[in-house]
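Residues in the sequence shown are numbered consecutively from 3, following this note's numbering.
Since the hints were made in silico from the structure, they are not lab data.
Note that this is a predicted model, so its numbers are computed, not measured.
Take these hints with a grain of salt, some might be off.
Here are the computed distance ranges between Cβ atoms for each label pair [claimed, not checked]:
(1) S99 / N168: 12 to 20 Å
(2) N104 / V154: 21 to 29 Å
(3) N95 / N176: 17 to 25 Å
Computed list of lysine to aspartate or glutamate pairs in DMTMM-like fashion (alpha-carbon distance at most 20 Å, straight line) [what the hints assert, rightly or not]:
(4) K98 / E68
(5) K98 / D30
(6) K108 / D144
(7) K124 / D111
(8) K92 / E68
(9) K101 / E68
(10) K98 / D53
(11) K98 / E133
(12) K108 / D80
(13) K92 / D144
(14) K155 / E133
(15) K124 / D53
(16) K108 / D75
(17) K98 / E140
(18) K155 / D111
(19) K155 / E175
(20) K98 / D111
(21) K59 / D111
(22) K98 / D80
(23) K101 / D53
(24) K124 / D144
(25) K124 / E175
(26) K124 / D30
(27) K108 / E133
(28) K101 / D75
C-beta atoms are modelled at their ideal positions from N, C-alpha and C, and glycine is treated no differently.
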Amino acid sequence: SALFHRQLNSTGVWQFYERPNNLVFGFDIFTPKKGNLIAMATQNGVLLSSDHGKTWKRTTGWRMTEVQCVTFDTTNSDILYAGTPYGFYKTINNGKSWKQYNTGLKTPDATYVSAIVVDYSKPTRIFISTEDGVYKSENSGDSWVRLNGLSVKHIRTIVQHPSQPNTLVVGTENNGIYF
Numbered sequence: 003s004a005l006f007h008r009q010l011n012s013t014g015v016w017q018f019y020e021r022p023n024n025l026v027f028g029f030d031i032f033t034p035k036k037g038n039l040i041a042m043a044t045q046n047g048v049l050l051s052s053d054h055g056k057t058w059k060r061t062t063g064w065r066m067t068e069v070q071c072v073t074f075d076t077t078n079s080d081i082l083y084a085g086t087p088y089g090f091y092k093t094i095n096n097g098k099s100w101k102q103y104n105t106g107l108k109t110p111d112a113t114y115v116s117a118i119v120v121d122y123s124k125p126t127r128i129f130i131s132t133e134d135g136v137y138k139s140e141n142s143g144d145s146w147v148r149l150n151g152l153s154v155k156h157i158r159t160i161v162q163h164p165s166q167p168n169t170l171v172v173g174t175e176n177n178g179i180y181f
């Protein structure tokens with residue numbers, strides 16, 4: 003099982019905060035709430051904490067395991083996106099219900115979502131990394147189009163450049179990183 007720690011001060015000391023009894027694959031913090039709201043992607047779904055990680059609540063109602071990544075919408079904490087080996091999921095009600103959005107993700111490799119980036123310059127634009135490459139949505143994840151020009155597959159992570167929103171960096175399973 004995973005351990006959740008956070009650094010409390012500049013002394014470099016980390017405090018054990020919770021043991022959610024899950025493998026933790028990733029998490030996101032909704033920064034407008036000053037770190038109070040945390041979403042965690044785990045082997046048993048998406049967990050949410052509204053008290054800096056002291057307590058956790060499982061939000062995913064689907065019988066899905068291995069949520070690889072979770073990301074808040076940049077403007078609304080009720081909207082979360084989750085990537086799984088079975089596709090892209092979205093909630094608009096803070097995890098009370100989730101819906102799968104795989105339109106345009108046409109192969110099993112395309113539905114294996116390993117990372118999500120919400121474009122900070124245009125929050126309705128979302129990028130996902132998959133086993134089949136990188137996909138883009140212009141409508142908050144409702145549908146997807148594969149980006150061309152990348153000669154490798156098995157993309158594991160994707161990052162948006164902090165000052166150049168049109169620059170993405172992806173990391174692959176065995177082929178390095180690409181800009």
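Going down the list of hints, with the structure as the test:
The supplied range of 12 to 20 Å is broken by S99 and N168, whose beta-carbon atoms lie about 34 Å from each other. Roughly 22 Å separates the CB atoms of N104 and V154, a value that falls within the hinted 21 to 29 Å. A hinted range of 17 to 25 Å is violated for the C-beta pair N95 and N176, which are about 39 Å apart. For the proposed pair K98 and E68, the alpha carbon gap of about 19 Å is at most 20 Å, so the pair holds.
Between K98 and D30 the CA atoms are separated by roughly 18 Å; this keeps the pair inside 20 Å, and the hint holds. Taking the CA atoms of K108 and D144, the gap is near 14 Å; set against the 20 Å cutoff, the hint holds. A threshold of 20 Å between alpha carbons decides the hint, and for K124 with D111 the separation of about 27 Å lies outside it, so the pair is violated. Distance check on the hinted pair: K92 and E68 sit about 15 Å apart at the alpha-carbon level, within 20 Å; holds.
Of the supplied pair hints, the one linking K101 and E68 holds, its CA atoms being roughly 16 Å apart against a limit of 20 Å. Using a Cα cut-off of 20 Å, the hinted pair K98 and D53 holds, with the two alpha carbons roughly 18 Å apart. A C-alpha spacing of about 29 Å is found between K98 and E133, which places the hinted pair above 20 Å, so the restraint is violated. With a C-alpha separation of about 28 Å, the suggested pair K108 and D80 falls outside the 20 Å cut-off, and the hint is violated.
With a C-alpha separation of about 9 Å, the suggested pairing of K92 with D144 holds against the 20 Å cut-off. Restraint check for K155 and E133: satisfied, since their Cα atoms lie roughly 6 Å apart, inside the 20 Å limit. Taking the CA atoms of K124 and D53, the gap is about 29 Å. The hint is violated against a cut of 20 Å. Of the supplied pair hints, the one linking K108 and D75 is violated, its CA atoms being roughly 24 Å apart against a limit of 20 Å.
With a CA separation close to 24 Å, the supplied pair K98 and E140 exceeds the 20 Å bound. For the suggested pair K155 and D111, the alpha carbons sit about 9 Å apart, so the restraint of at most 20 Å is met. With a CA separation close to 8 Å, the supplied pair K155 and E175 stays within the 20 Å bound. A distance of roughly 28 Å separates the Cα atoms of K98 and D111; the hinted pair therefore is violated under the 20 Å criterion.
With a C-alpha separation of about 30 Å, the suggested pairing of K59 with D111 is violated against the 20 Å cut-off. Taking the CA atoms of K98 and D80, the gap is about 9 Å. The hint holds against a cut of 20 Å. Of the pairs offered as hints, the one joining K101 and D53 is violated, with about 26 Å between alpha carbons and a cut-off of 20 Å exceeded. Restraint check for K124 and D144: the C-alpha separation of about 15 Å stays at or below 20 Å, so the hint holds.
Only pairs whose Cα atoms come within 20 Å are accepted, and K124 paired with E175 is rejected, the gap being roughly 28 Å. Using a Cα cut-off of 20 Å, the hinted pair K124 and D30 holds, with the two alpha carbons roughly 18 Å apart. Proximity of K108 to E133 is assessed by CA-CA distance (about 12 Å); at most 20 Å being required, the pair is judged to hold. Our distance criterion of 20 Å between C-alpha atoms is met by K101 and D75, whose separation comes to about 15 Å.
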